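S.K.: One-letter residues, chain by chain:
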Amino acid sequence: MKRFLLPLAIFVVMVGFLAVGLTLNPREVPSPLVGKAAPDFSLPQLHESDKVFSPKELAGKVWLLNFWASWCNGCKEEHPVLMQIAKSGEVPIYGADYKDTREEALTWLRRWGNPYQLVAVDEAGRVGINYGVYGVPETYVIDKAGKIRYKQIGPVDQDVLEKKILPLVRELQNQ
Amino acid sequence: MMRIWVLMFVMAIPGLVAAQEARPLAENPQAEARLRALAVELRCLVCQNQTLADSNAPLAEDLRREVREMIAKNMSDQEIIDFLVERYGDFVLYRPPLRATTTLLWIGPFLLLAIAGTALVLAVRRRQNTLPEVIVSEADHQRVEQLLSDGAKRP
Amino acid sequence: MIPEIGQFALILALCVAAVQGTVPIYGAASGNASLMAVAKPAARGQFLLVLIAFCCLGYAFAQKDFSVLYVAANANSKLPLHYRLAAIWGAHEGSLLLWTFILTLWMMAVTLFSKHLPEAMRARILGVMGLVSLGFLLFMLTVSNPFERLIPAAPDGRDLNPLLQDPGMVMHPPMLYMGYVGFSVAFAFAIAALLGGNLDAAWARWSRPWTTVAWCFLTVGIALGSGWAYYELGWGGWWFWDPVENASFMPWLAGTALIHSLAVTDKRGGFKVWTVLLAILAFSLSLLGTFLVRSGVLTSVHAFATDPKRGLFILVFLAIVIGGSLLLYAWRAPRVGLGGGFDLVSREAMLLANNVLLVVAMGSVLLGTLYPLFLDALGLGKISVGPPYFDTVFVPLMTPAIFLMGIGPLAQWKKASVPSLAMQLRWAFGASVVTALLLPFVLGKWTPLLSLGLLLALWIVTTAVINVRERLTHLEGAGLLSRLASVPRSYWGMILAHCGIAVFIVGVTMVKGFEVEQDLRMNVGESATIGGYTFQFDGAKDFVGPNYIAARGTFRVTKDGREVTIMYPEKRRYMVQSQTMTEAAIDSGLLRDLYVSLGEPLDAGAWSVRLYHKPFIDWIWGGCLIMALGGVLAITDRRYRLAWRREQEAAPAVSQPVGAPIV
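Protein chains in written order, with my numbering: chain Z, 406 to 580; chain D, 170 to 324; chain A, 445 to 1107.
Next up, chain Z with everything else stripped away, as it sits in the complex (with noise of 0.2 Å):
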């Protein structure tokens, strides 16, 4: 009698994982990088075209890399969240401003103000490529050994802020 109750036991279990399913995001890709060091580059800045900069110059930090764009929409939507912590000052963010113009990097952040203590122009990508970035805003927690420890894909939002990221920073930082 048993077998005739197996096409059934297969699909009670096919529906428990549907169910979860439902609650997962299919398009976001976790990072492999995460756990792994920084990859290195070096990119003219935003506001100094003549002076370069490197992650290599923030070792013994923890920092925020955030990757963003001024013809994103999702950089605009988490701006004031980056504002804060900057406000707070309780971690640095380095902006990569990601296959975008000069001139309308520079308007957006006069427009909305800065948050970053530094941004790198990333105009071909290819730092974004060796990132692993696939969609702007992303945000990357890097520690002192230089390692990437946290990746944000999409905006950074106040439960991400509050749950993930700061609790993360200040446990890196102490240690």
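Hint data in this document are derived by calculation from the structure and do not stem from the laboratory. This one's a predicted model, so the numbers in the text were calculated from it and none came from an experiment. For glycine and all other residues, C-beta sits at the position ideal for the given N, C-alpha and C.
In silico PhoX-like pairs for lysine-lysine, Cα to Cα no more than 25 Å straight-line:
| # | chain 1 | residue 1 | chain 2 | residue 2 |
| --- | --- | --- | --- | --- |
| 1 | Z | Lys568 | A | Lys826 |
| 2 | Z | Lys466 | Z | Lys492 |
| 3 | Z | Lys504 | Z | Lys456 |
| 4 | Z | Lys556 | A | Lys826 |
| 5 | Z | Lys552 | A | Lys826 |
| 6 | Z | Lys441 | A | Lys826 |
| 7 | Z | Lys549 | Z | Lys456 |
| 8 | Z | Lys492 | Z | Lys481 |
| 9 | Z | Lys552 | Z | Lys466 |
| 10 | Z | Lys466 | Z | Lys568 |
| 11 | Z | Lys569 | A | Lys826 |
| 12 | Z | Lys492 | Z | Lys556 |
So these bits of chain A aren't anywhere near chain Z, every CB distance computed over 12 Å:
| # | residue |
| --- | --- |
| 13 | Trp543 |
| 14 | Leu549 |
| 15 | His560 |
| 16 | Trp683 |
| 17 | Leu928 |
| 18 | Val952 |
| 19 | Lys956 |
| 20 | Asn991 |
| 21 | Lys1003 |
| 22 | Asp1047 |
The following label-pair restraints were derived from C-beta to C-beta distances:
| # | chain 1 | residue 1 | chain 2 | residue 2 | range |
| --- | --- | --- | --- | --- | --- |
| 23 | A | Ala477 | D | Arg295 | 39 to 49 Å |
| 24 | Z | Ala424 | A | Val789 | 38 to 48 Å |
| 25 | A | Glu914 | D | Ala226 | 52 to 62 Å |
| 26 | D | Arg234 | Z | Leu411 | 46 to 56 Å |
| 27 | D | Ala226 | A | Leu928 | 50 to 60 Å |
| 28 | A | Val1008 | Z | Ala442 | 55 to 65 Å |
| 29 | D | Glu238 | Z | Ala442 | 14 to 24 Å |
| 30 | D | Arg205 | Z | Ala529 | 14 to 24 Å |
| 31 | Z | Glu508 | A | Asp751 | 34 to 44 Å |
Given the coordinates of chain Z, assemble chains D and A onto it according to the supplied hints.
M.R.: This is chains D and A only, laid out in the frame that chain Z set:
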């Protein structure tokens, strides 16, 4: 009349001018063919469900550019794939690599076939041993066949 | 006002469905004839009500009533009328209405063609279908109401997704749904039989034509969808193993298995338990497809806009319908008889083996489609399963199935003799192998897959020829014509459908083996030659359509200096959704398609252009149509009509099992 002649002449011009051969879009068609062969097995990350070859998304274009450069640098297919997997994970591969987590995916169909095949043979054997020889009798069949052919013959 | 009438009709339909889903089933269980008699008028009333709702939505689209949210979201004042009407099923809510409408259409058909059925059986069948329809009506009225108002009304609509503004897409969903929902009849028959405990050969005979009709529609629906992808997506591909495509392919595989299994149950009384399971499976997979497309658990090019609430609703519905059916199955199936015994080499065994292969293939598609979800749910990472996987797995599973396709119809029921089969088939086998090995050399290229594909196609055709010859020599009758006439149509249907598969395989093999593609940069006046055809680019001009603007290129195609055709590919920009569409130009032919699509404009009137020469590609869809025609031929068989007439005369007798006694 004259005008018609002129018109016909003008219309014929594109045909008259010795047609020039169009150039391939890519500088290097061999490299492009290799890119294509690679790109159809890679998934575009931003799109819903498209290959890197088919997608027009800006990131897909950037990635094609990267792959082109890697081909120009004479990197092997495996090196190029590793480059992408390092950054985006197994998600970019439409042909999932065989790992502990994908074993079931790859052997599943054949395992299923083996189980179903065995079950089939066992079930048929068991039937042969336990069931009476004939259940639908030959006479029944004759009757049905008779009815069918009668029906078919009727206009 | 009209939309409110539509909504009211749906609410009434819901009430009727609730009655239809309970009263007749109770009546059948308690033997109360007057309760059972409720089924027929209820089904017809429900059909009428859903028809009214459907027309109301159509009217709102025709009248451009942008105070209806669904109309405003999926139409525009500039959208032509035929696309406005097709927009009824252009998005989630309306396509659900189409689903439900088609379900009531099938119910209506059951009331019309069930005079020969015992009263209790019909009551149960319509009751089960009423329950399914109840679920869908409830779904629509709670979280997917197509008649929801938008107040204040939008000044203009957001337009139909440009991808769907295409004749192929107009017909694809109704055909596909006719197939999906058509399996609900076979499902309802199976559940009714399980409830009533009379799973006999008569049950199989009743189910067969219904299943075949649904299968024909599904076949055509899938072919239309694939053809649409071929010319509308602009990549020249015809099947992408996308989750949504897989969702339509799985019921097809299960349905194909069901058709064959029903044949055995009908003719030999065997496989009953298996046939019932397949009937449940085919419809369950249709429902699963509906869930996958609408819940957002998988990403796909074609998925509807999604909403977790809707996903949850369908999942619960799915769990109740499928879970309930499988529970009923587990409870009742052990009491169903086994049917006649047969040898390992017999037509039964081969049909069963074929069934196993089809179901394993279906299982593999299911596994590949859901595997990324399984891993993600277990937190084991994200992967993608795409065409390379399915191609790798599918070919080895289908190859033996196709070999069996050649042998099965020649084998005798119960016990076939291996030596005599070998004798009958040796020429077919030899000729197929030799031709398949040599033909690719003649065509100019040899690869193992090319040879394998041709071998399978040739095998099907040569065995079919032997089969027909065999059949004719065993018939009595004077002339060939009278013997031909005495072969039943269902037999011809089978042969035709099998040959359709051969045609399909030729198409796939030739396209994969010999298609040529070129990406070019074409200046005005320049030309390129592929597959012996010379394409000369005469420039692109601007062109204004009803709701789009386009650049339309002109390509003069010549072969050996003679003009073949002029092709006009377009690059359209749909204004409202500001979406760019590539409308490829295709010159179809029996032996090849020429395919031109415009890429991007370059400097000085030049364009990037993609040219394809695709040999035999139309055989892919031609093969599907031939399969469907085979199905149509089979259901026009005199036997069904005759059987019905006989059963009508002796209605009470048929409820007696004619096969095995219930053990």
